[in-house]
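Starting from the given sequences, assemble the full structure and let the hints guide the process.
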Amino acid sequence: MSRVCVTVEGYGRFEVDPGDTLLEVCETHEIPIEAECGGFAACNSCRVRVIAHPEGLSETVEEELPFLDAHDQRLGCQAQVVGNVTVALDPGI
4 MSRVCVTVEG YGRFEVDPGD TLLEVCETHE IPIEAECGGF AACNSCRVRV
54 IAHPEGLSET VEEELPFLDA HDQRLGCQAQ VVGNVTVALD PGI
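Residue numbers (our numbering): 4 to 96.
Read the hints as simulated data drawn from the structure, not as lab findings. Treat the hints with caution; some may be incorrect.
Taking CB as the label site, the calculated pair distances span [as the list claims (entries may be wrong)]: (1) D72 - R6: 17 to 23 Å; (2) T31 - I54: 15 to 21 Å; (3) S5 - L68: 27 to 33 Å; (4) L71 - S5: 25 to 31 Å; (5) A55 - T31: 31 to 37 Å; (6) D75 - R16: 30 to 36 Å; (7) T63 - I96: 18 to 24 Å; (8) I54 - R6: 27 to 33 Å; (9) E33 - L68: 18 to 24 Å; (10) R6 - I96: 31 to 37 Å; (11) E33 - R6: 15 to 21 Å; (12) R6 - P69: 19 to 25 Å; (13) P94 - A55: 28 to 34 Å; (14) S5 - E39: 30 to 36 Å.
All residues carry an ideal CB built from backbone N, CA and C; glycine is no exception.
Here is the structure:
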């Protein structure tokens, strides 16, 4: 399985395994992302904004919807990387 690239604005570009969540990618690379609910889609502290290549993430799941304010947002704990993607941290309040 070939690796893909995740770019996190302001933090760099990282090669990761497909299937990792954005939360896992950030935690692995010591990017300061929070997951107040423990990564169970029950808050929006790990929210990100997709800057480029939204097809590089898995489909949005229903559990995310109450926490998203715009079409280009995802929860890092639910968004699995499936291809190259560029995101920015966009935590909710």
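Quiz item: Which hint numbers does the structure go against, in order from smallest to largest?
Solution: Violated hints (numbers, rising): 1, 5, 6, 8, 9, 12, 13; every other hint is consistent with the structure.
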